[in-house]
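Asker: With the hints as extra help, turn the sequences into a complete structure.
Chains A and B, in that order, give the protein sequences.
If you count the first sequence from 1, position 155 lands on 156 in our numbering, and the numbers rise without skipping.
If you count the second sequence from 1, position 23 lands on 24 in our numbering, and the numbers rise without skipping.
Hints listed in this document are in silico derivations from the structure and should not be mistaken for laboratory results.
For each residue, glycine too, the CB sits at the ideal point set by N, CA and C.
Watch out, some of these pointers could steer you wrong.
As the list claims (entries may be wrong) - So these bits of chain B aren't anywhere near chain A, every CB distance computed over 12 Å:
(1) 123
(2) 150
(3) 159
(4) 215
Unchecked claim - With a cut-off of at most 30 Å between alpha-carbon atoms, the simulated DSBU-like pairs for lysine-lysine come out as follows:
(5) 144(B) <-> 52(A)
(6) 85(B) <-> 144(A)
(7) 52(B) <-> 144(A)
(8) 144(A) <-> 144(B)
What the hints assert, rightly or not - Simulated coverage check for chain B against chain A, where a stretch passes if three residues somewhere in it have a Cβ under 8 Å from a Cβ of chain A:
(9) 68-82
(10) 94-100
(11) 224-236
(12) 258-270
Number of protein chains: 2
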Amino acid sequence: MKTDIWVDGEPVSSVPATDRGLAYGDGLFETIRIVKRRPTLAEFHWQRLAKGLNRLAITLDIEWLMEEVATFLSLQSASGGVLKVLITRGSGGRGYNPAGCSGARRILSFHALPKHPESNRNAGITLYPCSTRLGHNSLAGMKHLNRLENVLARAEWDGSEFQEGLMLDLDGLPVEGTMTNLFLVKNGTLYTPALNRCGVSGICREFILRQASGWGVPVVVQELDEQTLLNADEVFVCNSVNGVWPVARYRHISWPVGVVTATVRDRVLEVLNG
Amino acid sequence: MKTDIWVDGEPVSSVPATDRGLAYGDGLFETIRIVKRRPTLAEFHWQRLAKGLNRLAITLDIEWLMEEVATFLSLQSASGGVLKVLITRGSGGRGYNPAGCSGARRILSFHALPKHPESNRNAGITLYPCSTRLGHNSLAGMKHLNRLENVLARAEWDGSEFQEGLMLDLDGLPVEGTMTNLFLVKNGTLYTPALNRCGVSGICREFILRQASGWGVPVVVQELDEQTLLNADEVFVCNSVNGVWPVARYRHISWPVGVVTATVRDRVLEVLNG
Numbered sequence: 002m003k004t005d006i007w008v009d010g011e012p013v014s015s016v017p018a019t020d021r022g023l024a025y026g027d028g029l030f031e032t033i034r035i036v037k038r039r040p041t042l043a044e045f046h047w048q049r050l051a052k053g054l055n056r057l058a059i060t061l062d063i064e065w066l067m068e069e070v071a072t073f074l075s076l077q078s079a080s081g082g083v084l085k086v087l088i089t090r091g092s093g094g095r096g097y098n099p100a101g102c103s104g105a106r107r108i109l110s111f112h113a114l115p116k117h118p119e120s121n122r123n124a125g126i127t128l129y130p131c132s133t134r135l136g137h138n139s140l141a142g143m144k145h146l147n148r149l150e151n152v153l154a155r156a157e158w159d160g161s162e163f164q165e166g167l168m169l170d171l172d173g174l175p176v177e178g179t180m181t182n183l184f185l186v187k188n189g190t191l192y193t194p195a196l197n198r199c200g201v202s203g204i205c206r207e208f209i210l211r212q213a214s215g216w217g218v219p220v221v222v223q224e225l226d227e228q229t230l231l232n233a234d235e236v237f238v239c240n241s242v243n244g245v246w247p248v249a250r251y252r253h254i255s256w257p258v259g260v261v262t263a264t265v266r267d268r269v270l271e272v273l274n275g
Numbered sequence: 002m003k004t005d006i007w008v009d010g011e012p013v014s015s016v017p018a019t020d021r022g023l024a025y026g027d028g029l030f031e032t033i034r035i036v037k038r039r040p041t042l043a044e045f046h047w048q049r050l051a052k053g054l055n056r057l058a059i060t061l062d063i064e065w066l067m068e069e070v071a072t073f074l075s076l077q078s079a080s081g082g083v084l085k086v087l088i089t090r091g092s093g094g095r096g097y098n099p100a101g102c103s104g105a106r107r108i109l110s111f112h113a114l115p116k117h118p119e120s121n122r123n124a125g126i127t128l129y130p131c132s133t134r135l136g137h138n139s140l141a142g143m144k145h146l147n148r149l150e151n152v153l154a155r156a157e158w159d160g161s162e163f164q165e166g167l168m169l170d171l172d173g174l175p176v177e178g179t180m181t182n183l184f185l186v187k188n189g190t191l192y193t194p195a196l197n198r199c200g201v202s203g204i205c206r207e208f209i210l211r212q213a214s215g216w217g218v219p220v221v222v223q224e225l226d227e228q229t230l231l232n233a234d235e236v237f238v239c240n241s242v243n244g245v246w247p248v249a250r251y252r253h254i255s256w257p258v259g260v261v262t263a264t265v266r267d268r269v270l271e272v273l274n275g
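Answerer: Structure representation (structure tokens):
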């Protein structure tokens with residue numbers, strides 16, 4: 002019995018072709034680092050998911066989902082890895098109208114932790130300058146299933162020279178990586194782009210925003226232009242699976258791994274290691 | 002044997018949970034009116050699909066797809082209806098990178114023609130003023146699977162008072178209906194919004210743009226503001242399933258079914274009736 006994918010609580014690995022997630026990207030997802038069979042940064046993930054479901058008017062009992070996830074994780078052969086929780090509006094007829102849809106469909110899948118070189122975390126990475134732009138829209142922040150821009154940006158490079166790509170918005174402002182959020186440090190203060198018009202409000206970013214002042218690091222959320230990024234003292238990207246990766250190179254600029262970045266990286270790692 | 006859904010040429014009604022269309026909206030679709038087991042406006046649909054696949058770097062032999070569609074249509078119990086052709090990048094691992102995906106997955110489904118009142122076509126419809134805005138992005142024009150804005154806009158009203166909703170973009174410019182394109186007539190000339198920053202380049206719109214001058218109607222594609230719409234002599238919406246619906250009411254303005262609208266409606270209907 003294949004148990005690394007569950008659809009609506011059953012160990013099956015397919016979904017109806019009428020699913021609204023497939024038809025329109027009508028749903029949301031969370032990608033969660035699992036340690037000792039437990040989600041890390043769980044409250045952040047469930048809060049974001051609940052907020053997104055509310056915005057899309059998809060009804061789902063999160064407490065009940067958390068119980069299903071616990072059962073699912075208890076049956077995996079590995080105690081650590083990555084859990085993907087994908088929620089769609091369920092099945093519906095042809096046409097955009099969500100009225101009459103079957104209601105939330107739950108797709109859980111368990112994956113091995115991605116294998117990235119240790120140097121990503123220690124020496125830092127090189128960012129590819131993506132030409133695919135993030136558009137502006139009113140769905141910004143949500144981790145919904147409309148992710149073609151990220152797919153096209155990630156398709157722009159291959160090989161091992163670049164470990165992540167930086168995405169600018171339509172105005173040329175740096176916003177995020179294809180799968181990470183962006184931070185920079187200037188004169189001891191952390192800055193991260195505002196996500197009012199595009200981008201995903203990442204869990205690791207949220208964690209850092211909430212904790213930074215407790216670590217003695219002031220943090221500012223605002224629009225940042227590319228020159229500000231190039232003039233930064235330190236730069237890093239982060240997500241809730243891999244934690245913090247210092248950025249060592251972007252375009253013609255190189256950065257050392259700075260003290261603020263190292264502090265944030267180590268604090269995040271503590272949480273991600275359970 | 003259920004034959005109204007085929008996935009990759011097989012009469013099955015489910016897709017792998019690893020499908021990229023489900024994960025990221027990584028794919029495209031066409032909704033095609035079928036008459037006597039044949040697609041109407043076929044060359045327009047296949048051309049748009051081919052262009053979109055090229056843009057997304059999804060490889061698919063369109064000639065071969067057309068043959069599959071013909072076989073699929075020959076097996077349906079009804080000779081008329083609506084064919085939905087949905088193409089995704091196939092199955093892939095977790096993560097945005099499209100490298101290593103299984104390649105195009107084909108999902109064909111056959112549906113009854115939607116039942117709309119005859120008055121939609123004859124007396125015209127009332128447009129709901131949607132508050133969901135179309136964002137600006139570089140994917141404009143394509144009929145891709147990232148359609149959450151359309152879903153949220155269509156969810157704004159129910160009941161029979163409104164037959165379609167008008168969507169404005171982030172700047173407040175009218176762009177299209179939730180499932181239709183928008184035209185207006187002023188002093189005998191047709192105008193339709195430019196779709197450089199948002200919107201779907203609809204098949205019926207394309208047909209009209211190509212044919213209008215042959216019908217003796219000049220046509221202009223440009224940005225239009227809402228005041229221009231309200232001041233129009235005639236307004237209509239269109240798609241390739243329902244054809245042209247005159248707009249009789251939008252906000253505080255009423256329009257009669259004008260002579261240009263009636264001409265275009267009737268010419269389109271000839272084609273959609275095979």
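Asker: Evaluate each hint against the coordinates.
Answerer: Hints, verified against the model:
no.	hint	result
1	123	holds, 22 Å
2	150	violated, 7 Å
3	159	violated, 6 Å
4	215	holds, 32 Å
5	144(B) <-> 52(A)	holds, 28 Å
6	85(B) <-> 144(A)	holds, 27 Å
7	52(B) <-> 144(A)	holds, 28 Å
8	144(A) <-> 144(B)	holds, 21 Å
9	68-82	violated (count 0)
10	94-100	holds (count 7)
11	224-236	violated (count 0)
12	258-270	violated (count 0)
Violated hints, listed in ascending order, are 2, 3, 9, 11, 12; each of the other numbered hints is respected by the structure.
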